[in-house]
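Given chain A, work out where chain B should sit, using these hints.
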Amino acid sequence: MSATSPATVAPTDASPRLRALARALFVRLGVLPFFLVAALILFGLASDRFLTLDNLVNVARQSVYLVLVSMGQMVVLITGGFDLAVGATIAITSVVSALVMVSLLALMPDAVAPVIALGALAGFAAALLVGLANGVGVALFGVSPFIMTLGVSSVVAGGSLFLTGGVPVSGLPPEFANLFGFGKWFGVPVPVLVAGLAVSVVWVVMTRTRVGAHIHAVGGNLKAARLSGVDTRRTLILAYILCAGLAALTGLLLTARVESGEANLGGTIALESIAACVIAGVSLRGGIGRVETVTLGAFFIVLAQNGMNLAQIGSYLQMVLLGGLLILAVIFDQIRYRMMMG
Amino acid sequence: MQHPVLIQTVALSKRYPGVTALDRVDFDLRPGEVHVLFGENGAGKSTLIGLLAGVSAPSDGEILVRGRNVRFSGVADARAVGVSAVFQEFSLVPTMTVAQNIALGDEPRRGPFLDHAAARRKAVALCADLDFTIDPDRTVATLSRAEQQMVEIAKALHGEVGILILDEPTASLTDREVDHLFAVIARMKARGVGIIHISHRMQEFARIADRVTVLRDGRKIGTVAMADTSEAELLEMMAGRAITEIYPTIARNPGPPLLRVEGLRAQGVHGVDLEIRPGEVLGVAGLVGSGKSRSFRALMGLLPTQGGRATLKGTDVTGWDTRRLMQAGVCYLPPDRKEEGLQLAFSTRDNLAQGVLGTDPGRGLLPWRRIRERCEAIADRVELPDAYRRRKVAQLSGGNQQKTLFGRGLGRDYDLYIFDEPTVGVDMGARAAIYRLIRDLAEAGKAVVVISSDLPEAMNLAHRLLVFSHGRVVAALEGDAVTESAILAHFFDPLPSTM
Chain A
1 MSATSPATVA PTDASPRLRA LARALFVRLG VLPFFLVAAL ILFGLASDRF
51 LTLDNLVNVA RQSVYLVLVS MGQMVVLITG GFDLAVGATI AITSVVSALV
101 MVSLLALMPD AVAPVIALGA LAGFAAALLV GLANGVGVAL FGVSPFIMTL
151 GVSSVVAGGS LFLTGGVPVS GLPPEFANLF GFGKWFGVPV PVLVAGLAVS
201 VVWVVMTRTR VGAHIHAVGG NLKAARLSGV DTRRTLILAY ILCAGLAALT
251 GLLLTARVES GEANLGGTIA LESIAACVIA GVSLRGGIGR VETVTLGAFF
301 IVLAQNGMNL AQIGSYLQMV LLGGLLILAV IFDQIRYRMM MG
Chain B
1001 MQHPVLIQTV ALSKRYPGVT ALDRVDFDLR PGEVHVLFGE NGAGKSTLIG
1051 LLAGVSAPSD GEILVRGRNV RFSGVADARA VGVSAVFQEF SLVPTMTVAQ
1101 NIALGDEPRR GPFLDHAAAR RKAVALCADL DFTIDPDRTV ATLSRAEQQM
1151 VEIAKALHGE VGILILDEPT ASLTDREVDH LFAVIARMKA RGVGIIHISH
1201 RMQEFARIAD RVTVLRDGRK IGTVAMADTS EAELLEMMAG RAITEIYPTI
1251 ARNPGPPLLR VEGLRAQGVH GVDLEIRPGE VLGVAGLVGS GKSRSFRALM
1301 GLLPTQGGRA TLKGTDVTGW DTRRLMQAGV CYLPPDRKEE GLQLAFSTRD
1351 NLAQGVLGTD PGRGLLPWRR IRERCEAIAD RVELPDAYRR RKVAQLSGGN
1401 QQKTLFGRGL GRDYDLYIFD EPTVGVDMGA RAAIYRLIRD LAEAGKAVVV
1451 ISSDLPEAMN LAHRLLVFSH GRVVAALEGD AVTESAILAH FFDPLPSTM
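Listed in order, the protein sequences are those of chains A and B.
Here the first sequence stands for residues 1 to 342, numbered as in this note's numbering.
Here the second sequence stands for residues 1001 to 1499, numbered as in this note's numbering.
Hints in this document: simulated from the structure, not taken from any laboratory.
Watch out, some of these pointers could steer you wrong.
Stated by the list, open to error - Which residues of chain A face chain B? A few of them, derived with a C-beta cut under 10 Å, are:
no., residue
1, Val-204
2, Thr-209
3, Ala-224
4, Leu-227
Don't be surprised by glycine CBs; every beta carbon is placed ideally from N, CA and C.
Excised from the complex, chain A in its bound form:
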């Protein structure tokens, strides 16, 4: 086993006890702790600026968006599905909310707060429709989640581009960007607060409510869930809607950050969020996943990207490495599954 175990990531002169510890850690938490340590060491060596407090705080702030999307992705992965449409959902939220805000602002230039609220609401509504479409396709028509969300992704991304003609929607109320993009409350950036709140809510839903229990059950064994009286269709639809809602929240925060409605927001986030989840031990077979570790997984992805930037690795090569990392994580997940099942 030692040849394939990530214990090889640890120093090569590791004693048997250290190896046993690494093994236990791997079975419990998956590949994440090893990836995290490896990233800290590698990038720490590659750049002096990487391990500074400033940089790490910066990474934490940047990772807010991926954390949010990964929460939603996790919920869908736990049901045994996928959501490849999260990027398109972000785009449509951004475009719709921006268009609504800009047109409403022209009608009532003084009522900034209602304009922002209605714009955000419109964005959410659009995103929830996307989630509903995904959920209905998967739950009622039995389309495989992969194809359903891939198709919806194309429809929605195309729709966003069509709505804007590919041109960013500018002229948003500056208060929107000032508060949700760059604002601080008690010294903490607003996006961080929003993400913290959302993560807490998802944690409560997944561990403390009936819906959460049913989401786990559906992914753990769909048939057993149905035989236990769980409304499996409703549960699946809810999971996709929850995922879309979290993507919409991300879309609004990103729109505030870039101060315009853009159809190309969230381009690579589907892959990144799946990678974050899988690295954090969410099972692609469904049924297993924890909010705490997924948060850390998303942080790791952004940390790795930051490290690669500091090490002056170009963005093209970063794409190559990210894809490789995802595949590696899935392979390790397979090994871990076999170790767990004995």
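What follows is chain B alone, placed relative to chain A:
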């Protein structure tokens, strides 16, 4: 005041494309009685309870609960009127804990939030009722099959239960656990709960049954009071004829050994020696987990082997993969025809064509006309009705599916046929047809192995019978030595005895 009939069906039918799984069945359950459903695999017992428990909807007929017509659109609806079921296929989620599983679908809550502590208490209390101790926080995947069965039963008792349905609940339980379960059933009877119990173990259900309803091929044969009936009568109702009649007499004409296995080892297989001869039927019996099936899967290259030697017609075939073994003349038909036997989306004919093409490397274009003709001939031989030959296999009854699987094995001329559980979920007519095929193969000088959990089947077909226990062959019986008591005695052998 209790209604005199808890649940009643009137001309209840369930049809699937091409199959009538349940045909106008009238059934009723009274308060405080244990009503046993008895019948062969595929007789319609599981279909009936599926309808009663809300798993599927009837095609025709009515279900009345306490005199009121009901239409269940899911398991939750059935539970809401007090119908609770323990299914043969477990309704447990392996990734969740015992307590979570027991509560699933009806979780205790405090406000909008789950009450984990209450769920855990309830789970412990329900298990204690069954005299079954288990940590409610253990993940179900880590439990043994018997433990999962007990959790499944505890789960069915969660909530208000007026009608309890048990589908073969004792299959993986020890005698002691069965006693506890029966004690619980007696307590529930006393409270006026009606119990529908499916079981094959007659000696066992005779202890608790009040009435027995016998089903065969989807139809109700009759309902009798347990006190007024006998084992022989029930068996005859089940089979529709004296049970021994369906087994043909097979002439034995053994040749020199075709396949010799020495010291075969694999996971769950701890040193198996055996010899297979042409012109005779070798029966293989043993409990689930005895290694009887795994030994042959290891031999066929379907399980990694860890040691041993296999010689086929003088050639060392140790470690060969399935394809090479098939080319060398060995045919293996797996026990689970849906999982690994058939292409469910293909028609019967196309499944047969797979057998004809088989391992033939082939050159150029496929000679479809000739293949078709061969398939028709095979379909005739396995007695597949004409009307079914173009249908998708998924739509056929278990018996016709199994005939198709056998037909695939006849697509080429093999020397050795290994049949693993050849008649699971197969109706009487198809069973007789399959036994005739086995006879024809053996009498044509083929070597035939029949691995079976159905003891009468193994006993009646085999010329020689191997008994497996703990991953070894613990007995080889022949002629008059093949008796039920001799085989049963060896099932629990800890170590190999006489060979």
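So, going through the hints one by one against the coordinates:
no., hint, result
1, Val-204, "holds, 8 Å"
2, Thr-209, "holds, 6 Å"
3, Ala-224, "holds, 4 Å"
4, Leu-227, "holds, 3 Å"
Hint compliance for this structure: no hint is broken.
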